[in-house]
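There are 2 protein chains.
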Amino acid sequence: MTDLLIRNLRPLGRDRADMLIRAGVIAEIAPRIQAPGVATEDANGAIAIPGLVEAHTHLDKTFMGMGWYENAVGTDLRAMIENERFERRRQNHDPARQSMRHALALAGTGTTHIRSHVDVDTDNGLAAIEGVLQTRETLRDLVQIEIVAFPQSGLMIRPGTAALLDSAMAMGADLVGGLDPCGIDRDPKGHLDAIFALADKFGRGIDIHLHEGGELGAFSMEMILERTRALGMKGKVAISHAFCLGMPDWNRTEALLSGLADQDVAILTTGAPSAEVPKVKRVLGAGLRMGAGCDGVLDTWNPWNRPDMLDRARIVAQKNNMRSDADLAQALAVCSTGGAAVMGVRGHGLDVGCNADLALVPGRTLAEAVATGGPVALTVKGGRVTGRMGRPVDEAP
Amino acid sequence: MTDLLIRNLRPLGRDRADMLIRAGVIAEIAPRIQAPGVATEDANGAIAIPGLVEAHTHLDKTFMGMGWYENAVGTDLRAMIENERFERRRQNHDPARQSMRHALALAGTGTTHIRSHVDVDTDNGLAAIEGVLQTRETLRDLVQIEIVAFPQSGLMIRPGTAALLDSAMAMGADLVGGLDPCGIDRDPKGHLDAIFALADKFGRGIDIHLHEGGELGAFSMEMILERTRALGMKGKVAISHAFCLGMPDWNRTEALLSGLADQDVAILTTGAPSAEVPKVKRVLGAGLRMGAGCDGVLDTWNPWNRPDMLDRARIVAQKNNMRSDADLAQALAVCSTGGAAVMGVRGHGLDVGCNADLALVPGRTLAEAVATGGPVALTVKGGRVTGRMGRPVDEAP
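As they're listed, the protein sequences go chains A and B. By our numbering, the letter at position 247 of the first sequence is numbered 247, and the numbering carries on one by one without gaps. By our numbering, the letter at position 153 of the second sequence is numbered 153, and the numbering carries on one by one without gaps.
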């Protein structure tokens, strides 16, 4: 936790001021602060926003820096899962090194908090969990990492996975993950009973991938809600993707949203261009917490995605047909305070007393910052500078 | 038309070779060509692709270089149309200067051919047509510009517009445009009869914006097909956006595609993230010509879009869930040879005898070029270098 004076920043695009950080907390925002002996940065009029929050990604998957991965596998979800396990071994993929690269790249582009799903399966065991735990410890002061133990290859269809998830939670994973209880695991009752039992045992939350569309996804979502209520897990469950909320049946989706709001279930979106997605204004309007993420970056799943939440705000806005200045500011908020609310981060903001976790972005307004997309001039985590001009201060392995 | 020797390029990602251009035409592709006295560029192993084709844009709309435009108008199509006419006057928008900026920016990012819709309305008259005609003439040797006379504000709902369209065609516009005959013009028969009559009178083609979704768009598309058949305009009609082809009713859309193929109607897409779009593989599989465009760039309609067809290939691929290397190469082809086929450009390719219209892009494979998105190292039009490292060689006004 560090002291820092940042001159000439514009909090959320408002008038210029200086910001004094003491012991990692915002101590004062005022014109021309005097703080002799404190390290100083000049924002040159850049906009200050609360630190960006990468709330849905996979730090253990990226092939960044390992050369171009030629993808010939197509888009069938199960084929892609098989292919990834194979490629991890074939290319001797090191989850510790790769998650360091990915997390540092995010720090360079304004991110101060990450929620990462991390694969657990009977081929690779707990290697990915161990790797990301190591990265979390190494980067403790640079970016806060939350780990979801994620049965990417299925739980009921691969016996032994549940015991590995249990071990992952015991080793320090923060949440229990899940994945398409019908579409992948072919046993919604078995899958959901298993992950809710684990969450209950460890007293932790759940973040489940739900790609299932239309009525199938709605059915799984109802079963998630039933278990959330039964176990008293209100406010501790999140659903990632939740594509079924994008289906056209308004009455059906309205009932689902009402149930989600009743149990304070959070929604994570990537703004996926090719899929139906839950709409930002509708989800927020229903009173739900909503965050966003870039999902995997340069992995066996897809060849793109920048580890950059300012760029993701643009993608989310474009997918949601958000164009006005006010809408762009809302999309950006989903990518910072929205994700922080999902992760339960306290004191994430720009008021005095908040954590000094923030990003400086170029632009006259928040909308222009989203539209032009950076580069992020400075990332600050607990008063410490972790990124400059879109790049991390610390060198990746 | 110019001579040029380009050393060490890789045609479509194949082995290195030199390319000799004589009088604007590809004369030879071979290892170590000797051509004393001919200006030489070194591609350093970059991939050569046929020049990119921006086949759906609005050169007369951009506010590039005019400061940040604060958008408070929302997303209603008719409100956006009113707002744009108002802002053109309020900001003293100069279509000649602005279209120069836009077209040169495209030349910088690999584009050699542009199809631009240009507004014609009873408020601003033919000013935009005059401006883009001037730009077309000024940039004659740098980029080929095709002009669609476009009744953006409606045709039947604004009497006097048809006569202006007639004048625009007489002044040198290449195609007759149209727009949502039901949704905007409230008179599909009147609208389509008017634009087809104009096209017939001038012996030119049609490119009509069709945002109408589902059954409404299908109805308009049928009426377009009826007139295409009746006037013997096979191969001379294009439909931009064509969102209705993205509707879920497979039998209905299959019948539409079959009708479009029968009349050789071309489809232009932007890969719009927030809309239903015609799917690349389906449209090409049905035997249709298909091109792509960035649509408007930094205008009153939206705050983003780069004038960059390599970036557009990425957007089209993401919207279409195209991820494999082969798919990415296909998305890129839509953005070059696909658009050229729609525009009826002959000799657009990398074979000996083709026009020397090409772009050099970084990457080991075509897929990597799309995924990393440039910058385009060199744009060549008729043997003349028009862009370097993503920027135009000629200075914009």
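Everything labelled a hint here was simulated from the structure, so no lab data went into it. Hints may contain errors.
Which copy? The list can't say, so a pair holds if one copy fits it or any two copies do.
To be verified - Computed cross-link-like contacts, EDC-like style, restricted to lysine to aspartate or glutamate with a CA-CA straight-line distance of at most 20 Å:
#: 1; residue 1: Lys201; residue 2: Glu276
#: 2; residue 1: Lys201; residue 2: Glu146
#: 3; residue 1: Lys201; residue 2: Asp394
#: 4; residue 1: Lys279; residue 2: Asp174
#: 5; residue 1: Lys281; residue 2: Asp264
#: 6; residue 1: Lys201; residue 2: Asp166
#: 7; residue 1: Lys189; residue 2: Asp123
#: 8; residue 1: Lys281; residue 2: Asp76
#: 9; residue 1: Lys234; residue 2: Glu70
#: 10; residue 1: Lys279; residue 2: Asp76
#: 11; residue 1: Lys236; residue 2: Glu137
#: 12; residue 1: Lys201; residue 2: Glu226
#: 13; residue 1: Lys236; residue 2: Asp166
#: 14; residue 1: Lys236; residue 2: Glu276
Evaluation of the provided hints:
1. Lys201 to Glu276: Neither. Shortest intra-copy (34 Å) and inter-copy (44 Å) distances fail the 20 Å Cα cut-off.
2. Lys201 to Glu146: within (19 Å within a copy, 67 Å between copies)
3. Lys201 to Asp394: Classified as neither; 38 Å inside a copy, 67 Å across copies.
4. Lys279 to Asp174: neither (27 Å within a copy, 40 Å between copies)
5. Lys281 to Asp264: Close inside one copy (17 Å), not across copies (41 Å); limit 20 Å.
6. Lys201 to Asp166: Close inside one copy (9 Å), not across copies (76 Å); limit 20 Å.
7. Lys189 to Asp123: neither (24 Å within a copy, 64 Å between copies)
8. Lys281 to Asp76: between (30 Å within a copy, 16 Å between copies)
9. Lys234 to Glu70: Result: close neither inside a copy nor across copies, 43 Å intra and 40 Å inter.
10. Lys279 to Asp76: between (25 Å within a copy, 17 Å between copies)
11. Lys236 to Glu137: Intra 24 Å, inter 64 Å, cutoff 20 Å: neither.
12. Lys201 to Glu226: Within one copy only: 18 Å inside a chain, 67 Å across chains, cut-off 20 Å.
13. Lys236 to Asp166: within (18 Å within a copy, 64 Å between copies)
14. Lys236 to Glu276: neither (25 Å within a copy, 34 Å between copies)
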